[in-house]
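With the hints as constraints, model all of the structure from the sequences given.
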Amino acid sequence: MNSYFVKRTGRAILTIWLVMTLTFGMIRLIPGGPIEMLRARLIRQGVDPSRIDAIVQTYKQDPTPVYVEYYEYVTSLLSGNMGQSFYYQEPVSALIVDALPWTVFVMVTATILLFVIAILLGALMAYHEGTAFDTVASSASILLSSIPFYVLAIGFVVVLSYQFGLFPARYRVGPGVEPGFTVQFLSNAIYHAALPIASVVLTQAGLQALAMRGNSIQVLGEDFVRVARLRGLSDRRIAVRYVGRNAILPMYTGFLTLIGFNIGGSVILEQVFTYPGIGYYMYQALINRDYALMMGVFLIITTTLVVSVYIADLTYGLIDPRVQSGGQSEAY
Amino acid sequence: MTQSHDQHTEHIAVDDPIIEVRDASVTYDEGTSYVLDGVSLDLGRGEILGVVGESGSGKSMLASALLDAVPDPGLLSGTIEYHPDSGAATDILELDTEDLRALRWEEISMVFQGAMSSFNPTMSLRKHFVETLEAHDEDVEAGMDRAHELLEDLYLEPDRVLSSYPHELSGGMQQRALIALSLVLEPEVLVMDEPTAALDLLMQRSILLLLDDLKEKYDLTMLFITHDLPLVAALADRMAIMYAFRLIEIGQTEEIINHAAHPYTRALLNSTPNLDAPLEEMRPIEGQSPAPINMPDGCAYHPRCPLAEDQCRTEVPDFHIVAGDHGSACFNWRESYDEIELVHLDDGERAIPEGDRQ
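Sequence order for the protein chains is S and D.
Per this note's numbering, residue 7 is the first one in the first sequence, and the count goes up by one each step.
Per this note's numbering, residue -4 is the first one in the second sequence, and the count goes up by one each step.
Keep in mind that the hints were calculated from the coordinates and are not lab data.
All of these numbers come straight from a predicted model, not from anything done at the bench.
If a hint is listed, it holds; no wrong ones were tucked in.
Selected chain D positions facing chain S (in silico; Cβ < 7 Å):
#, residue
1, Trp100
2, Thr117
3, Thr127
4, Ala130
5, Tyr160
Built from N, CA and C at the ideal position, the CB exists for glycine as well.
Set out below in structure tokens:
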């Protein structure tokens, strides 16, 4: 148990360090840069070339050796300093602290919701295997799963927001809504998050429902379910403790890793809904060549994924008695 | 022909039956083929009846039928009467859901062949016992005391076993724990469907000895289903032989082993491997047993039977009384004595060594 714990922790830290280093290296390989971006913008604005040179000169720094830069990068990261966003003129950490809770709110809610729906729907399909309901629900699940979430998201924006005006098409909350634990703020936040959440839930629930259906059908055929019926247990108890529990267990790891993946997937989703979470900032950083912000968000997204896999590995042994955190249960 | 002097009967009755099965049939396609075909059988109070047959001869179906638990979508017909110690007999197949739920496990209990797959893998053994007691509105504390005693009778450490998960126990321990679980509500009848099939020989032997003790202590009636003829011969009072979904011979164990009157039973006895017998004496039965969708007319054994004649090909034989309560579903049972010699008896040896009999 202990050596397993140490091993998993070590591997998680190593992965994050590798991501940090790769980010550092890769971003330096991107052609152009904030200075080029600034120069291009000033030229477009028709500023006098000699003045442009002077402005650019104020941002220019003496070239420092790469290893010094790397050392400074790592030490400041460890102290929580991710540098200054060139485009927003704010510390990256401040931007992330502001944006991350919103992304987590949308994606964690969506992932929990889609699993709850998938588990209930999948179990129902399994219990009614072969009926018309099963056929219709399975086909609908496959159909919805084959639609990319951003296609559905764009459809939602066009139809529900612009055509009918039922839902807002942008921002976390409406203008003038004060943050705080008020009914107005919370309901407004949910109202704005409804479409992003719906597009994730609708496109991802189907696949999980089919997985749950398959697991449940397999468990329903097990001897221990038949023995439980003969022992006189109620159908409800058999459905929850026997079928449900044994069918859901294999999906637990998938659930945690999907949260991680979805937070990464927020880059496109938040762009579609102009929802200022970390994914939205990632996109802004990309088009504005804002290296510091790009690195910050990239690090947060990968760290979230690594942490969710790490949690799945450490906790699986707690929910499945057959696994004493022995190592066979590793998520990745 | 001597047949005209034979006494025939539909079934071999016993004096004090606890279960009377009459014409029990199971079909999966509404009557075109049967996986249990008109079985009539008495289970005497307090006896151990061994049911022997090849794989796919319908013996597990018979076991499930006794609890009206034939897997869906099988259709069970006939009557299965249960005679409790006191009170009126009930037809198990007529019971409503609630009464059937009460009868199962409280009166007639069952041990399945795969103990490893009979427990919920994500639940401790104690939970299995407690929820069974709760489901039948029993006093949990008194019931758990009983469970402790049962586990001790089966040479298990009750506290250790009860706090374990199924995967933490060996196959033999799981099988014994399953037997304890099946007896926790103090049933009258225990149906065992190949309870030792997945175990090694030593464990099989020791579980059989334990079953004999349990039967005495708890005054049980047992129906023991197996394909292992020598194994059950050491335990059973009476034996019933099944072939192709029908019961073909039934009688006292001694009678069956020494004076089997059905050609199939005699062939089965001769085909049983015996370490003491030389290899040349092994007599496998030629051919294959029929599938339910392709049952021959008349006696199902006739395509493989050396004694088959016209009557066997057209008519299904009922039980011919061989002696006392020994019945054989064969028209030519007298000829079978001469035609099919029991090889082990020729050597002056019995198919079952004397020492193994209880």
